[in-house]
Amino acid sequence: MVEFLQFTLSGVSFGMIYAAVALSLVLIWRGTRLLNYAQGGMAMITTYIAIEVIYHTGSYWAGFVVALLAGILLGAICQVTIIRPTMNKPPLNAVIVTIGLLVLLEGLAGIFFGGQYRSFPAAFSVTGLKIGGTALGVSTFDVFVVAAVLVTTLVLAAAFRYTSAGLRMRAAAFNATIARLSGIRVARVLTVGWALAGLLGALAGVLVSPSTFLYPNSMDTIFVFGFTAAVIGGLDSPVGAVAGGLLLGLALSYAGGYLHSGASLVPLVALGILVVVLMVRPDGLFSATQVRRV
Amino acid sequence: MQTLPRRLGAAVVTAVIVWFLSVRLGTFRDFQIAEVAIEVTAVAGLTVLTGLSGQISLGNGAFMAIGGYTTALLLLHLNWPFIAALVASAAVTAVAGGIVGVAAARLRGPYLAGATLMLGVALPALASAYQGFLGGDQGLNVVFTAPAFLGATFPLTRWQAWVSTVVALVTLVLLANLCYSRIGRNWRAVRDDEVAAALDGVNVAVTRVLAFVVSAICAGLAGSLLAIVTSLVAPGAFTLTLSIALLTAAVIGGLGSLPGALWGSLLIVIVPTYVTDVATSHGLSSSVGSNIPIAAYGAVLILVMLAFPQGIQGGLRRLLTLFTGPDLGTRIPRDAPAPHVTPPADEAPASHHEKEGTA
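Chains as they are written, first to last, in our numbering: chain A, 620 to 913; chain B, 339 to 697.
With the rest of the complex left out, here is chain B (with noise of 0.2 Å):
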């Protein structure tokens, strides 16, 4: 099993290895840096909603947005340092993970998918409606500066990339050693069989709720993190689109695995860029060839999925096996079993072992 210290250096070496590609890189890859940690963020806490608390949301782009209107309002008219800003976001969030939470404890799989993927839609037309308060669908500007001490000609995206992954990998190690705790093992209680947990001693309303809250963090910080690192918050940057996406990652990465958040996060990040590249250098035209990383992007998922059920984390273990014999398996296997959103229609009467994960 890892421990903390195993953890914290995992955190160390991605920590040096960002440094190293912002500062060699280029100010594009800056931004691609800062993506990339914001949608880990987020996926971070799906993962473990969805993973291992067995919960699904298609609705995480609403917190996102309530953590970067919170930061943005903050920034703009009270002048918060961003720090601050990025904490009050978080508590903010989690009051509405709480809230959302307590809706959602009643209901299962697609039900709740369905919800949750209304409140994804319905939220970001809130700020459209409140065009004085929340901007409309211009949205608000977010002013952020690089500090002074780094010197005038720092570039502001390096320092972007590097705020947004220092909050990832806290956010990130953070979630590791909860999912580990008494808390993280009573969601995989409550995923594999709610009646055995409550026999168990476990509240399954609050430990329901609770994953529902820190993923709405997870959600929270990612958002404000997003506010700065574009400089706007507006309906049109909270679609369904970026709940789906999130979703998306969580589940190709591997579900459950904070690992797989990281390779998911990466995947949808960087395969639409980089077919962008390819299809420009071509010389394709724009309709064209702003259409074939949209197309290839759905190719990849499908063909993903299908290549490897457990996800890219799940591939990547069994690689691994292949190379070391199944000694290795002697770790507490970690892939989550999907949670209960659509259970086949017939289920072969299956071993023991493997009822309990599809259940």
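With the rest of the complex left out, here is chain A (with noise of 0.2 Å):
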């Protein structure tokens, strides 16, 4: 029973991180129609930013602030260097100058911070804590990691749903044409939505970098996995992506806990559970029924 809630609570905090990186593809698709194949490159960058700031200024605090920073600006940036030109080219094409960003990314690690592993520090102890002297299996830190990704997905949705910038967002991923004609600078909302989820990406690799060590192919499992879940949740759901991370952040922890070969088969638990969820629904479990178009 220990051991069930030990992988419970590990389960929710790796799945908060998953439904940072699933939300923040989804924010994405739900503006330009693109997933972003370089989002776990784009955060190894930002961590790898933010393991610098804490070196030289000895202050964890900063490097996160200045990981989150860089993040949004990352975002905006590759936006609207490389993303803008292709929206109306071929489809397919925004993929690949993604992917070509993600590789583009890992190699500039490569060159400025080495390809050896690094380990990251945590914000707040990673010793377990206790409960009258079991141990849960989970640390100080873990609490932050689902308080972190908990807070920000919050103020995301408040800020959907109460400002007018929030307001210009979902007018425009909602339909493009009619926002243009009502006065919407769309271009420009278009690259808010990368820089915010440049943030929550940002965001998720400061969080899981303790547990993995950074290098730079350190977020491609994770950007795995994160996608997993967006597609589990439908990709058109913010609530299906942190519902998707926390599904898939459980189903995993138990795998690896009571499965035999564990670790090695977590990936094919992954598989099945997406394909599971697939059949039962193509377009993901908390996808709006949609009429396909003739």
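Derived from the structure by calculation, the hints contain no laboratory data.
We put the beta carbon where it would ideally sit given N, CA and C, even for glycine.
There's no promise every hint is true.
To give an idea of the interface, some chain B residues facing chain A are shown, with a C-beta separation under 10 Å as derived from the structure [to be verified]:
#1 A451
#2 G452
#3 L455
#4 A460
#5 P462
#6 A463
#7 G474
#8 D475
#9 P485
#10 G489
#11 T586
#12 A588
#13 Q648
#14 G653
#15 L654
Hints given; two lone chains; assemble the complex.
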């Protein structure tokens, strides 16, 4: 029973990180109908920036804030410089451009930061919490991970719901042509979407790196699971992204803990969940029913 | 329209060029020739799947793994001749492709991309999980030798390059015929408008699954070749990077075009090697030197896509029309409208003809 609790809590903690990546993908997908394969690479770069800042200033929080700001900046710059020119081209072009961006970022990280594994500090203690002598299998840092993603998600959701900037973003995602006719500067709104996605990605990178180490490819796996979570939840649904992330985090945590040769089977379990979900709902769990265009 | 003799002629000319290159150049170039041949075999299958039938796959590396492991197991345990193992690998991957195709038939765009991506990640993990039979992370060794009649001094790498090239060329000729047959027309019909195709009596589901089977067979052949060229099958050879490189090569070359598959494969094999040569000759430190090719590869991908939206083959065709005038355009245009992956958020009302293409 204690074991089950441990697996559950660590599953929630990882699930929230997948949820953050999934949310960043959903943000971009809703605005531009594009999957950003460079999301993990962008998060990797901002985490390297964070580690350098922490090393030079000695302050974790300075690195944390700089990483988030760098994420915003990187997202906006990428959108303006290389994504915008692909928007009126065949759709797969933009996909290949983001793949190219991923490869470019990983190469640059190798050149400037070296390929070796680097450990990343955690904001709080990573030793396990205890309740009355029983180890829970989660640390203060895990609690921080969950809280950070939750707070960010809720703030974003509130901003989308209640601010005029949020309304503009929803309008642009709903129908760009009509939004443009109503005087919304859609191009700028899309840049803001990428900036926010960059922020979420950077957050995921800083939160996951204490448990995975940091190296140029370190975010690849996280990206794959984040993408899977987004697909499970339905790419149009932010709620789905969080639910998909939690579902996947829990399932993978149980699989890794209970199955005999756990670690190497984790991707197969993820594939199994994905297949089952997509067989039942080909557009993800939380997608609105839509009529396919004839 | 191209005819069979013309395609066979192109294949023979390519074979002669490869023969000449392999005789004149060294061992390393042989390996590169084999690499390009393997790449082009897999990419050709993917460009048909994505460009003609409109289904995306980010998991064709998994089919390559199935082909590679099938070949390795047959050579290792049953001592089959390579040609038999090659055919068996194609058969096994055809079945696998059929299963995946049936599962994929309902999925569209990014959902299909996500499912196939996870397939590409998960399947090699299976090999790591089964230490005994599949050799775990170390993989399986593959013994492959040049035939005796070529003499004892004949370099194995040259034989590997020849075998790979022959398989690649045969695959390309067969694919070219398939694309212009009734099946190819059905693929294009389903890609452009499923409902209209169904009303015309095309069995949409079968057509879509068949495209997956064909692309899986190509990937299986490529995996089988990879096994004998690298003398090893291991999970590390069939990573996500491989699956993504296949799609990249297909799009960069020009989606739906078989010559484009060749250009794309050449680009993704040669650019990294070339930049590595330049970097090492300038005496750069190893961490910088080994990462410059990666960064350059990424930059080239972005630049090619921005400069040639229709891929290299599309760019070449445009250059050709610049010189000869638009009269040559009487040929049936083959550049594939990209599949239903990421429809632009605001499709500007386009002319009817263009609209058909981007749907």
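Worksheet item: At a threshold of 10 Å, is the proposed contact between G452 of chain B and chain A supported by beta-carbon distances?
Response: holds (4 Å)
Worksheet entry | Minimum beta-carbon distance criterion (10 Å), G653 of chain B to chain A | violated (13 Å)
Discussion item. Does P485 of chain B hold up as a contact with chain A if the rule is Cβ-Cβ below 10 Å?
Written reply: Violated, because the Cβ-Cβ distance from P485 of chain B to chain A comes to roughly 38 Å (cut-off 10 Å).
Worksheet entry | Satisfaction of the P462 of chain B interface hint, Cβ to chain A closer than 10 Å | holds (8 Å)
Practice prompt. Against chain A, run the beta carbon of A460 of chain B and see if the smallest gap drops under 10 Å.
Written response: For A460 of chain B, the interface hint holds, since the closest Cβ of chain A sits about 4 Å away, which is under 10 Å.
Worksheet entry | Proposed interface contact between G489 of chain B and chain A, which counts if any beta carbon pair is under 10 Å | Given a least distance of 43 Å, the restraint on G489 of chain B is violated.
Discussion item. Quick check on A463 of chain B please, does its C-beta sit within 10 Å of some C-beta on chain A?
Written reply: holds (4 Å)
Worksheet item: Does the interface hint hold: is D475 of chain B within less than 10 Å of chain A, judged Cβ to Cβ?
Response: holds (9 Å)
Discussion item. Min Cβ distance, L455 of chain B to chain A: is it shorter than 10 Å?
Written reply: Holds. Min distance 7 Å.
Discussion item. Restraint: A451 of chain B near chain A, CB-CB cut 10 Å. Satisfied or not?
Written reply: With Cβ-Cβ at 7 Å, under 10 Å, it holds.
Practice prompt. Against chain A, run the beta carbon of T586 of chain B and see if the smallest gap drops under 10 Å.
Written response: With a closest approach of 6 Å, the T586 of chain B hint holds.
Fill in: Status of the A588 of chain B interface restraint (C-beta, 10 Å, chain A)
This hint holds: A588 of chain B lies near chain A, its Cβ roughly 9 Å from the closest one there, short of 10 Å.
When each numbered hint is compared with the structure, violations occur for hints 9, 10, 14, 15.
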